[in-house]
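2 protein chains.
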Amino acid sequence: MSEVETQNSPFTEELIRQLRATDQFGNWSKMSDEELLVKKYVKTKEDLKSLPIIADIDEMLIGEIKMIFKAVALQFERKTGVMCNVVMEMSHEGFGRCIVIAGRIVLVDKYFKDAHRFSFRTIEKLYEEGDKYLATSFKTYEQYKPCIG
Amino acid sequence: MSEVETQNSPFTEELIRQLRATDQFGNWSKMSDEELLVKKYVKTKEDLKSLPIIADIDEMLIGEIKMIFKAVALQFERKTGVMCNVVMEMSHEGFGRCIVIAGRIVLVDKYFKDAHRFSFRTIEKLYEEGDKYLATSFKTYEQYKPCIG
Numbered sequence: 001m002s003e004v005e006t007q008n009s010p011f012t013e014e015l016i017r018q019l020r021a022t023d024q025f026g027n028w029s030k031m032s033d034e035e036l037l038v039k040k041y042v043k044t045k046e047d048l049k050s051l052p053i054i055a056d057i058d059e060m061l062i063g064e065i066k067m068i069f070k071a072v073a074l075q076f077e078r079k080t081g082v083m084c085n086v087v088m089e090m091s092h093e094g095f096g097r098c099i100v101i102a103g104r105i106v107l108v109d110k111y112f113k114d115a116h117r118f119s120f121r122t123i124e125k126l127y128e129e130g131d132k133y134l135a136t137s138f139k140t141y142e143q144y145k146p147c148i149g
Numbered sequence: 001m002s003e004v005e006t007q008n009s010p011f012t013e014e015l016i017r018q019l020r021a022t023d024q025f026g027n028w029s030k031m032s033d034e035e036l037l038v039k040k041y042v043k044t045k046e047d048l049k050s051l052p053i054i055a056d057i058d059e060m061l062i063g064e065i066k067m068i069f070k071a072v073a074l075q076f077e078r079k080t081g082v083m084c085n086v087v088m089e090m091s092h093e094g095f096g097r098c099i100v101i102a103g104r105i106v107l108v109d110k111y112f113k114d115a116h117r118f119s120f121r122t123i124e125k126l127y128e129e130g131d132k133y134l135a136t137s138f139k140t141y142e143q144y145k146p147c148i149g
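Chains as they are written, first to last, in the numbering used here: chain A, 1 to 149; chain B, 1 to 149.
If you're looking for bench data, these hints aren't it; they were derived computationally from the structure.
Some hints here could point you the wrong way.
One copy or any two copies: either way a pair holds, since identical chains are not told apart in the list.
Cross-link-like lysine-lysine pairs, in silico, PhoX-like; alpha carbons within 25 Å at most [to be verified]:
#  : residue 1 : residue 2
1  : K45       : K145
2  : K30       : K139
3  : K30       : K145
4  : K49       : K125
5  : K30       : K49
6  : K139      : K39
7  : K70       : K113
8  : K49       : K139
9  : K70       : K49
10 : K40       : K139
11 : K132      : K30
12 : K110      : K70
13 : K79       : K39
14 : K49       : K79
15 : K125      : K145
16 : K40       : K30
17 : K39       : K145
18 : K139      : K43
19 : K79       : K43
20 : K113      : K66
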């Protein structure tokens, strides 16, 4: 996947829009979109080694993980005009679940353990994963659409 | 709805089972099932008047609300053999959402505001509501089942 393609991915655009919206004091204004995404979502194998296996997860990290699924939900809405909702339950021990629903259809169902270690090895993996969630959402919606009635 | 019918409701049995399971120290062992359900879930109009409009919600109350939906989920599993999951997101201000899903199908979707005031006016209303959730779950599952593929 080339740089230009990933930058233009609708998922990534939505995610950046959300991250930037939380930057009330402009702390990240000098960072490029890619730098910001790396800072928030990319942890290399080396980074992970320095993280404890068991640790508490804070509200900010929960919010940042949820943004990935909100980005999927918002893109889905934009493309289909169908309203989505994101429901995320997360214990402070980092166990949880995040669901994206459109009416009675579950578009994304992601289970977490060790959410404090949640990350992608490279930024390309983040792009890929987001696009995959979105593709699965469209596919699932098409599959269940005939039953909406 | 007569006393005996409501006592035998599968939803109520499941709910009581869950409530009793949290009673580690036997504080409620002398209470009847009905007394316990009233204590936990019934608030009359008079009770509500004494509650503030805006207030924080604690973990225990969140857990007790979730039990209602876990009781629906467990009953659904018992009857159909289909696994369910309950996902509940609740802010400390009492805004939130609780979802029961079976695979890709949303069986129950309940939105909360002022969750600290969440209650039923009478115990019969609690029974009715639980049975209604369960009935809707069966109906929704039947409706979407042909699309599972």
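Homo-oligomer pair classification [K125, K49; C-alpha up to 25 Å]: within (19 Å within a copy, 53 Å between copies)
Intra/inter-copy verdict for K40 and K30 if alpha-carbon distance must be at most 25 Å: within (15 Å within a copy, 52 Å between copies)
25 Å Cα threshold - placement of K113 relative to K70: both (19 Å within a copy, 21 Å between copies)
Intra- versus inter-copy proximity for K70 and K110 (alpha-carbon distance at most 25 Å): Both: 13 Å inside a chain and 19 Å across chains, each within 25 Å.
Homo-oligomer pair classification [K145, K30; C-alpha up to 25 Å]: For K30 and K145, the Cα distance exceeds 25 Å both inside one copy (44 Å) and across copies (51 Å).
Identical-chain pair category, K40 with K139, by Cα at 25 Å: Result: close neither inside a copy nor across copies, 28 Å intra and 42 Å inter.
Copy assignment of K45 with K145, given that the CA separation must stay at most 25 Å: neither (41 Å within a copy, 42 Å between copies)
Within, between, both or neither, where K39 and K145 count as close if Cα-Cα is 25 Å or less: Neither way: K39 and K145 sit 38 Å apart in one copy and 43 Å across, limit 25 Å.
25 Å Cα threshold - placement of K43 relative to K139: neither (30 Å within a copy, 45 Å between copies)
25 Å Cα threshold - placement of K145 relative to K125: neither (30 Å within a copy, 34 Å between copies)
Intra- versus inter-subunit Cα pairing at 25 Å for K49 with K79: neither (39 Å within a copy, 46 Å between copies)
Alpha-carbon proximity between K132 and K30, which holds within one copy, between copies, both or neither at 25 Å: Answer is neither; intra-copy 30 Å and inter-copy 54 Å both fail.
Checked against the numbered hints listed earlier, the structure breaks hints 1, 2, 3, 5, 6, 8, 9, 10, 11, 13, 14, 15, 17, 18, 19; every other hint is satisfied.
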